[in-house]
Amino acid sequence: MAEQTVTLSVRNVSKRFGDFSAVEDLSFDVRAGRVFGFLGPNGAGKTTTIRMIVGITVPDEGSVELFGQKISSALQDRIGYLPEERGLYKKMKIVDQLRYFAALKGVSAADTERKMDFWLDRMQLSDWKKKKTTDLSKGMQQKIQFISTVMHDPDLLILDEPFSGLDPINVEFLMDVISEFKTQDKTIIFSTHLMETAEKLCKDILLINKARKVISGSLREVKESYGKNLIALRATGSEAILSDRSIVAKTDVHADETIVHLNNGADPQLLLRRLIDGGAEITKFEEVEASLNDIFIDKIRGNHDNQG
Amino acid sequence: MKKFLAVVKHEYKKVVLKWSFLIGTLLLPFLAACFALVPFIIFSLKGEPTRIVIVDPTGKIEPRLKANLSSEKMEARARKAAEESLKDFTPSQEEQIKRGSEQIVQQFEFISYDTKGALTNDIRADLNSMIVKGEADAYLLIPEDVDSGEATFEFRSRKAGDVVVNESFRQALDDAVRSQRLADANISEDRLKELTHAVNLDSKGIDEKGVERDSGGTYVASFVIGLMIYITLAIYGQAIMGAVVEEKETRIAEILFSSARPFELMMGKLVGVGLAGLTQLGIWVASAAVIVSIIALQTDMSALIGTLPSISPLMILYFLVFFLLGFFIYASIFALIGSMVTTVQEGGQFAFPPVMLMLVSFYFSIAVMRDPNSNLSFWVSIAPFFAPITMPVRILSETPPFWQIGLSFIVNAATIAGLIWLASRVYRVGMLMYGKRATIPEVWKWIRQA
Chain Z
815 MAEQTVTLSV RNVSKRFGDF SAVEDLSFDV RAGRVFGFLG PNGAGKTTTI
865 RMIVGITVPD EGSVELFGQK ISSALQDRIG YLPEERGLYK KMKIVDQLRY
915 FAALKGVSAA DTERKMDFWL DRMQLSDWKK KKTTDLSKGM QQKIQFISTV
965 MHDPDLLILD EPFSGLDPIN VEFLMDVISE FKTQDKTIIF STHLMETAEK
1015 LCKDILLINK ARKVISGSLR EVKESYGKNL IALRATGSEA ILSDRSIVAK
1065 TDVHADETIV HLNNGADPQL LLRRLIDGGA EITKFEEVEA SLNDIFIDKI
1115 RGNHDNQG
Chain X
25 MKKFLAVVKH EYKKVVLKWS FLIGTLLLPF LAACFALVPF IIFSLKGEPT
75 RIVIVDPTGK IEPRLKANLS SEKMEARARK AAEESLKDFT PSQEEQIKRG
125 SEQIVQQFEF ISYDTKGALT NDIRADLNSM IVKGEADAYL LIPEDVDSGE
175 ATFEFRSRKA GDVVVNESFR QALDDAVRSQ RLADANISED RLKELTHAVN
225 LDSKGIDEKG VERDSGGTYV ASFVIGLMIY ITLAIYGQAI MGAVVEEKET
275 RIAEILFSSA RPFELMMGKL VGVGLAGLTQ LGIWVASAAV IVSIIALQTD
325 MSALIGTLPS ISPLMILYFL VFFLLGFFIY ASIFALIGSM VTTVQEGGQF
375 AFPPVMLMLV SFYFSIAVMR DPNSNLSFWV SIAPFFAPIT MPVRILSETP
425 PFWQIGLSFI VNAATIAGLI WLASRVYRVG MLMYGKRATI PEVWKWIRQA
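Protein sequence lines correspond, in order, to chains Z and X. The first sequence begins at 815 in this note's numbering and counts up by one. The second sequence begins at 25 in this note's numbering and counts up by one.
Bear in mind the hints are in silico, worked out from the structure with no lab data behind them. All figures in this text were calculated on a predicted structure; none of them were measured in a lab. Check each hint, because a few of them may be wrong.
[Unchecked claim] Facing chain X, according to a computed beta carbon distance under 8 Å, are these residues of chain Z, among others:
hint	residue
1	Glu-899
2	Gly-901
3	Tyr-914
4	Phe-915
5	Lys-919
6	Ala-923
7	Leu-1084
[Said to hold, decoys possible] Lysine to aspartate or glutamate pairs mimicking EDC-like chemistry, simulated, CA-CA at most 20 Å apart:
hint	chain 1	residue 1	chain 2	residue 2
8	X	Lys-42	Z	Asp-910
9	Z	Lys-907	X	Glu-270
10	Z	Lys-904	X	Glu-273
11	Z	Lys-1014	Z	Glu-1053
[Said to hold, decoys possible] Stretches of chain X that chain Z covers, calculated by requiring three or more beta carbons in the stretch to come under 8 Å of a beta carbon on chain Z:
hint	stretch
12	25-39
13	407-419
Glycine included, every Cβ here is placed at the ideal spot set by N, Cα and C.
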């Protein structure tokens, strides 16, 4: 049932800076207990949108509703926001910084100590509690920033490129923590360029480009609507048939297979028949779904083409 | 409100727990205490008494000299010296005078010596050998013709560097010889005192109510107060700018703004750092009071106390109020600059206007010291930006009527309200603008837009 509850509702939101339109008429919902992938190229308007959600800036038009209410200081305490550009006080002890950030989120002193020790222990940073930021490695600082984002036990977690600068082991570790939040019915908005990661984590996605929505929906819906016009092919003697632009839009040659992009509405069976008739020796012929990466690149390029 | 207090606490601790703050706050009183107390401690250490041989062929000086070095005479002289600066003595000061005189008297021990009618040169040689053998510490050879202006008194001592003993001895001898000369000339000592009494130039200011005020040390004290406020404002203003730039540079602002309102954050910063400044001034004022009261217990230094202007608790309250006014005026300007720039170095270039304003205020305060009631003094002690430094100086030099202090307060409080309004608008936009320094037209746009 929880899945039906809407945590965040963005309605016709626009934000402009002078003549520059950062976000244009954007609407979407984020459902409770789901991981929501907020995707888009650099400069698409992601950070501006997130800033409006967390109440740092106010939209010029439209409304943002969080937990069914307009954003307020009290609601801010229920959000954990990890910005893409983030930092810590350079010359301050870790323990003092975490206490301050917790106090700003309205966590009581006793709770702060308990939660801080719990998270430092989990992140294997307990020995660094009394150290200053400058003594920590970049990855450790990242983990401290993550702790400051979750220490107040937020209901909505907004993570903007949380994995940048982390080694694979820590990425894996952080993924586990995020998955845990998912099982606790927390809502997570996850913004990234890494489509593989988004594909692994997100149930719903929203792709924006140049201030506007490009696609949205559940990952499943998006992929299905994109169609199954991709074929993973391993064959010899297929070159002539594949260069026939009446069926095949383009091909991507990978190491051990070729990804064939069919034209819209083209029948995979027709291609198979042509290949056999053409005398090709086929060891693999499989209809595959477009990866999120493909969709992303295709949509953004298409967007550019439309504009151009 | 809870978040605001969290910010205040954070900013306060950040300043107060720094080594530079601890050193700055404690070192100044410590140095002052050293200057004031170390001589006091050293002089009160009781040394070995000085054993003195007096050779007096006249037989007239020696009894007078010994009488002058008795505790009664010493006490009377100390009392007279102190009376010039203090009108009434507290019981503890009385006690001090008594104890101090006794201590000095105990420093002298007279050894009787029989000249046996020997020649002066022989006596001198004999006494020198006594000193070498350690049988005596000093000797005084009194010439036969005391009344002659060229008469030389030979004083030789192993402890030539003992200033306290030597000075007391010299004074006692001086008095003894003078009274003997007067007696020889048949002049009454009391009559002479009346005739040669120094002119008493009573230099006191008169304030508008016609009440007399001491003006001796006022000039110095005003200068010190003006300088202290100027330096403290400059230091804390720059501290604010540094803290703002750090949060912008490290992008902490983004996290802070998602947790509390920018206005709360900025005000919390100003109030927290302001309280830290107040703490420092408070410690300085308190330790100054302690040091002055300790000095006041010293008879030797009591003359110095007399020259200090009387500073009432009300004046101290005024100083703190005007310090706070100045702090909020300059701190909000520095916060505004900090949120415009990208690095502290860049901020340094932009800090020129407020630093200039503070410097000009300080120069004006010197003009105020020289003539606290001129038109210029009136205007600069009311005007925004200048009053926080000039008004305390004026209050100390010659307290203006209350309505002027009140007017100055209102003018400057209104200035603060306006500056904070401006700064908070620039702050909430500027803190999230990374990459390049904002231009003045951009900042103007933020102010109008927000």
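* **Numbers of the earlier hints that this structure fails to satisfy, in rising order** => Of the numbered hints, 6, 7, 11 and 13 do not hold.
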